[in-house]
Structure formats: structure tokens, C-alpha cells
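Enquirer: Chain order of the listed sequences is A and S.
Counting in our numbering, the first sequence runs without a single skipped number right up to 512 at its last residue.
Counting in our numbering, the second sequence runs without a single skipped number right up to 512 at its last residue.
Check each hint, because a few of them may be wrong.
Identical chains share a label here; the pair holds if one copy fits it or two copies do between them.
[What the hints assert, rightly or not] Calculated pairs, DSS-like style, for lysine-lysine (alpha carbon to alpha carbon, straight line, at most 25 Å):
1) 319 x 350
2) 183 x 462
3) 280 x 195
4) 280 x 462
5) 443 x 183
Everything labelled a hint here was simulated from the structure, so no lab data went into it.
This is what each chain is made of:
There are 2 protein chains.
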Amino acid sequence: MAKTIRIEIIAVGSELLSPYYQDTNSLYLTQRLNELGLGVVRKTIVGDDEASLVRCFREALKRPGFVFTMGGLGPTEDDRTREVWARVLGRTLVFQPKIFDHIRRRFKRRGLTPPASNRKQAFIPKGARILPNKNGTAPGLWIEDSGRTLVLLPGPPAELKPMFQDLVWPRLQRLRRGHSIRRVLKLTGLGESVLESEIADLYPKDDPLSVTILSSPGQIEIHIYGRTDRSRSSLVRKARLLEKAFSDRLGDFIFSNSGEDLEEVVAGLLKARRKTLAAAESCTGGLLSHRLTNVPGSSEYFLEGVIAYGNEAKTSRLGVPAALIQQHGAVSAHVARAMAEGVRRRSLSHFGLAVTGIAGPSGGTPQKPVGLVYTALAWDTGTQIEKNLFLGSREYIKFQSTQKALDMLRRHLLLTGKKPAVRIRGRKGRRIKGKVK
Amino acid sequence: MAKTIRIEIIAVGSELLSPYYQDTNSLYLTQRLNELGLGVVRKTIVGDDEASLVRCFREALKRPGFVFTMGGLGPTEDDRTREVWARVLGRTLVFQPKIFDHIRRRFKRRGLTPPASNRKQAFIPKGARILPNKNGTAPGLWIEDSGRTLVLLPGPPAELKPMFQDLVWPRLQRLRRGHSIRRVLKLTGLGESVLESEIADLYPKDDPLSVTILSSPGQIEIHIYGRTDRSRSSLVRKARLLEKAFSDRLGDFIFSNSGEDLEEVVAGLLKARRKTLAAAESCTGGLLSHRLTNVPGSSEYFLEGVIAYGNEAKTSRLGVPAALIQQHGAVSAHVARAMAEGVRRRSLSHFGLAVTGIAGPSGGTPQKPVGLVYTALAWDTGTQIEKNLFLGSREYIKFQSTQKALDMLRRHLLLTGKKPAVRIRGRKGRRIKGKVK
């Protein structure tokens, strides 16, 4: 077998050729394959019609290596992946009673009998190995043919992922080529251009490591990826050194080096410090609380959220004096402070976190433009307020506002916890003045 | 020329084979081509390396029709699209001084001279027509070769889109093949299998219309797509008839026929009826309010949200009697009702919408498993409560819960508004008993 294995992915489905759908399964598959040091050399997206599938599969067979197909294993007329592979390989379709039993049992559990159309899912190309589907009716298939391997996976992610993890991944272990490593640093509070100018001189010039910067409003990820056929320990050491060099430069602008999202980091810190939190939201409209409660077990630290969208609610729910709103406007440092302190006082939580701003697209004025957002964090002995001007769509402004609020809390928890505060110094020892763009 | 034109898209770029990047250009291209009645039959994503490109382009040449390639026209070593096409077509590369002049002028405007690497962008396959690039250095190319047409476009969307619009679109007009139409119906409250059994007999057997069902937890979309070389009005009439047939069967399980999301539909109904809303959330943790406030102008109808995550908050914030929680548990029809009525009373809104449930992954019991969710809608003269058992991850359970809550409000607004209530009858006049899976 060739030293590097050629892997292709084919996504089957006419909807993936419309302007409305993307093949996202291949991203998962690629990530998992990368973990084995295996890369994907081509992805193809093809429709359901027989002629297109035949042509596409026939061509794929001429190229060496592995082919993963995803989709087209369902019970409907449009599901032709099994049949077309059988035809292209010149194999007959054989009925497998145990597949049909599995389908029958799934239907029976819901008090149903499978319609005739499901029967076709039990016909598989002769010699194919069955990959049972715990989460659906369509079994996956593993076919070896003259040195090539074809892996047929179902399209729904909830079926594909567990099947890959449980049944395909173990079989791929023998293909593992050398070693690979990926480290992901996540940052907030810095713009991409500032980041680049701070760390560009550290980028590795040669293999085995490469660095990719992925930037979106409110967050930047630095991906360190490495692959080697030689020593794993040397690869790990090199990656660690590079990560350390980035960390020294970027300090606590980095909130995570293990894939965690900002809300997970904040959740971990709150739990570790045994602190509770309540949120008061205006322009973010629930997104801050939604993110905090996406973390399993959030009831340990998240007491309540108040979405005080109207001014009456700010007064009645959070005790923001009506006169304060009158005098400074609902989008002001004064009101942000009163919201954070109000929600903290009324919920009896350790921290109160508040956001008020203008998410747009309308409602801005020259003095208070769309994207103006105040965030405030209240604790027992003080309140911190920040003012930002975020760019982008309504949804981006909402997201960036929650990033800012969560990051204020994260930094506060870092400073007040046992972990010593890190001084943030840029290259040449100067303070980084970066901001979210 | 063949009656239907075969169009393929090839996206060039190794980053598009990583787990972190998607080819999004092809969605734009597909949408524009669909407007001309032209469909895309295949999309391929291929890396930058020469061997892969040669193989991919060579294979594409064997298939008839149009090939759009995107990317690989830049000045770096990794940009090989021009050279590889020249090689595969057996054409020499010729230097075009006017391209290099354009590049020089772009650099000069910024007070720079182009590096040597940019010179290669001025070499094009002999006989290619130049598509000047207003927004970058890389010109696009239009190559005709033995009945095939190759269109080479730059990768950055800000360069590709204007180039396509200004220079490619007009040339494609002559290919316009009749007319196309797409209608999207969005539904909630029905499982996919129930939906299929209700409407499968209506699916068009022949052209010009096709139907695609796209299902995700809590929502189903029916896409009606049609293309014809003949009369546009006949196509439109057929699509309308099919849509009408679906609507007659599915009634108000359909919440939108114009692309709107459920929260937008609810927002529109609330505004039209001049009604206000307040939300009380437990397991959805802010997602319901977040979705409602994603709609611009939501402050017109959304007064406030309360995320009463802990039991204390349910009592203090919403007036849910502690004894009620004690007796029935926080996840119960009684507490859902009290939450909806409480938030309505305290906010002085027309409607109170509440959700309480177990989003998991932990916290379930045999009596109250993960996914058990109560939703309640309170209005001036009554309260409606629904109990559901949703499957899936924490995030899916949160989403499905908000779908259910929003749909209760939508249905209530439909019934109480001016539009007459539609009785929902399935095929053969029986009541559809479908539920979200």
C-alpha cells in the first residue's frame, strides 16, 4: 500500500447542489481523519440522479485509495447509493434478513410496521460488510474491491457521526500515518491585524508545524497543526514550544487552549470559585443567558436572567430608576451599571452581568450609533463598566456584546482567584492595546 | 448545443479540504445560475497541488458543458489554476502586457511596485479571453475549447461576485434555458414520516417540478423547484397548484411560504394584531427570547423575558408558589402554567409564554426523563399547556422547545385574528395527529 493514503469524500444529495445547503458532514469526517494523520485530497458533491452517480462513482473507482460516500442510503426512490455502487462494481444486491429485522424492531418500538419502501435498505452489494446503524434504519457499508476501500455512510449527522466513531474509526487505526497534533488557541478582545503584527514573526518557516488564523467578529482562533512520520514526542515538543511562544506574547487574551468556548471557560471558573451569576440583558435579548445555559450543569451557578427589553422592565424588574433612564438614556454607562447592580441585588447572586446597547439595524443616532454597547459587571465591592462600538449585523453585534460581557467576568474571576494575575505584554515588552474591531 | 447545459463547479484551495473552511462561493454561483434556469450537476473541491489539479481538470474536460473554477489565480506558488489548465488543454502561456499594466497601476495607487511574483498573473493560456478584475490583481479567464467552456474566477468573494455579475452573467444570457421557480414551505409540529405519508401521492411524477423534503429537529422544509424551457406562466401556475395541494393537506402545520423563520412569522402576527409578549424560560435558558429579539424591531412587541433558572427565581420573579413547585416539581404542567400567567401578569403584556423542562444531558429521572418539556401560553381569558418529549442533544431540546412555544403562540394568533381558522384535515379527511419526533 502506498505510503500516503489517498482519501476522497463524496457527498450525495441534490439538495447539496442547491444554493441553500452545504455539505457539513465532510468537515467532521476531515477532522477525524486528520487526527489519524490522514488528509482528504478531494471532495465531490453530486446529485441523486442515476446517471450522475454512475459517472461519479465510476471515475472515483479509477483513482486509488479510500472513498467515503455520505447519503443516499434511505428508503426513498431518490436513495440510490447502494444500487449504483453495486452496479459500478458489477456486484449483485443481496437481501440481508438481519438488516430488515433491525428496521422492523425500530418501527415496532414506535408501534408501527415498516412500509414496503424500507425493505430496499436490506439489499446490499454482495460481499459488503454491514455497519449497523444505532440511530436510524440505513446501515452503513464497508466494501473492499481490488485494493480500494469504499465506505458508505448515511447522510444525517446524528447517524453518521456515531457510526463513524464506533465502527469506522477503529478500522482506520491501522492506516494511521505517523502522528499529528492540533492545538487551538481561542482569543477575544484583539483584532486580527493587531494579532498578526504581534505574532507573525513566530510563525514556523518549515514543517512539521503550520499556523492558521481564523477570525470572526468577537473571536479569533489560532490553529497549530503538525504532522510527522517520525518522532511523536519531538512533534509534541515543537508544538508546545510554539504554543508557549504565542501565550507569552498574547497573555490572557487567550481564553482557551483546549477547544472550550468562552461560556464554558466562564462556567468552569464560576464552579471552581463557587460563585453564582445573574444576567440582565437588553440588546442581547437572551443570548447571554442562552450561551451560559448551553453549558450542561449551568444551574449550579446561573441563578436567573432578566431580559429587560423595555424601559418599564428595566425599572420594575431591575430597579433602574426611571429618572436615570430619562436623564442618560437606556443605552448609557449609568443604566448598564444600575442593571448589573440591580440584577445582582435582587437575585442575591455573587455577580451581576448586564448589557445594554443598540443592535440595529435601526434605532441608531449620531450620538448613539448602531453597535454602541455598554457592558457592566457588578460584584460585592464594585462595578466595572465598558463601552464598545461593534460593527456588523444585528446578530454579530449581539454576539460580540455577549463575548465582551463574558470576557469581563472571565478576567475578573482570573484576577480574584488563586491563579496569579498574568501581566499581558506584547512583543518587545509593550502593552498590547488591542480591542475587538 | 445540448438542450440542457451541464454545469460543474470546481473550487481550488487546500484550505477548503481542512475541517475549518467551506466553499461558500459555489452557493452564490448556483443561485445566480438557477436564476437563468441553469442547474449545477457537480461540485468538486480540490487542493492546490499540481498532481491533484491536473487529474481533476483532465477528468472535467472529459465531461461535456461548462466548468467554473474558483481560486488559484493569485501570485503565490500555490496558485496554479492558470498553468494547469494551459497544460491540460495543451496551450502555451502567453504574456499579456495589459494585465501587468493593470497590476502595476493597482500597486502604484498604494505607492508600491508589484513584486516579481505578480508577473506570473499576466501569463494566460493562449486564446483565453480576459475578464478584468476591478477588485484585485488576478484577472478571470474565459476559455472555449472543442465545445466546452471553462470560466476561471478568482477565489475571494469580493472579487468573484462583481466579476461574475459584470462580465460572466451577460455572457450567460444566451444560455438562458427557459425559466425557473423555487417555493419553500416551512412546517413545524409534524414528523418527517407522517409528512411523507400525507403528501407523497402529490409528488409530481414528471418535470418541470421536483420536490425535496429537508428535515431537522423541530422543523421541516418542503422545496418545490421547477424549470421549463417553455411558458413561464404555465410553470408558475403548476408550482402554485402544487403548493396549494400541499397547503390543503397540511393546513397550518405550514407556518411560512416565503422563507420566513418561525420567530419572524410570530413577530409579524404580533405586530399586525398590536399585541405584546413576555417570556418566562427555564430549560431554554434565554433561547426563546433570543430568537424573538433576533427580529429587527422586536421592541415593538417583546416587553421582557425572565430566565427563572432556579426555583427561587421562579417564585420571586414570576410568583410561582413555592408550594406548587414542592408538590409537582419545577418541570410540571402546573409550574408551566404559573410561569406563563406570572410573567404575563407582572409584565402587563397581552401574552405570557413559558417553557420548563429537562434539557439534559443529566437531570432526568424515569418519571421525568431528559427531553420532557412543558410549554404554556397565557392570555387574558385562558392558558394552554402542552407536554412534549423531545429527543436529541441539549441544544436540540432547547431549540425544539422554543419551536413548540412559538408555534403555540402562532396558532393562537391565527385563530383569534381576522383570518378564519383553518380546520386541519389530512388526506381522506382524517385529522393529522403528527407530532415533532
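Enquirer: Indicate which option fits the pair residue 280, residue 462 if close means a Cα-Cα distance not exceeding 25 Å: within, between, both or neither.
Expert: Neither, since 39 Å and 59 Å both go past 25 Å.
Enquirer: When no copy is specified for residue 183 and residue 462, does a C-alpha distance of 25 Å or less occur within a copy, between copies, both, or neither?
Expert: between (59 Å within a copy, 23 Å between copies)
Enquirer: Classify it for me, residue 319 with residue 350: is the Cα-Cα distance of at most 25 Å met within a copy, between copies, both or neither?
Expert: For residue 319 and residue 350, the Cα distance exceeds 25 Å both inside one copy (30 Å) and across copies (56 Å).
Enquirer: At most 25 Å between C-alpha atoms: does residue 280 with residue 195 qualify within a copy, between copies, both, or neither?
Expert: Intra 52 Å, inter 21 Å, cutoff 25 Å: inter-copy only.
Enquirer: Within a copy, between copies, both or neither: which one fits residue 443 and residue 183 at a CA-CA cutoff of 25 Å?
Expert: between (61 Å within a copy, 23 Å between copies)
Taken one by one, the earlier hints fail for this structure at numbers 1 and 4, listed in ascending order.
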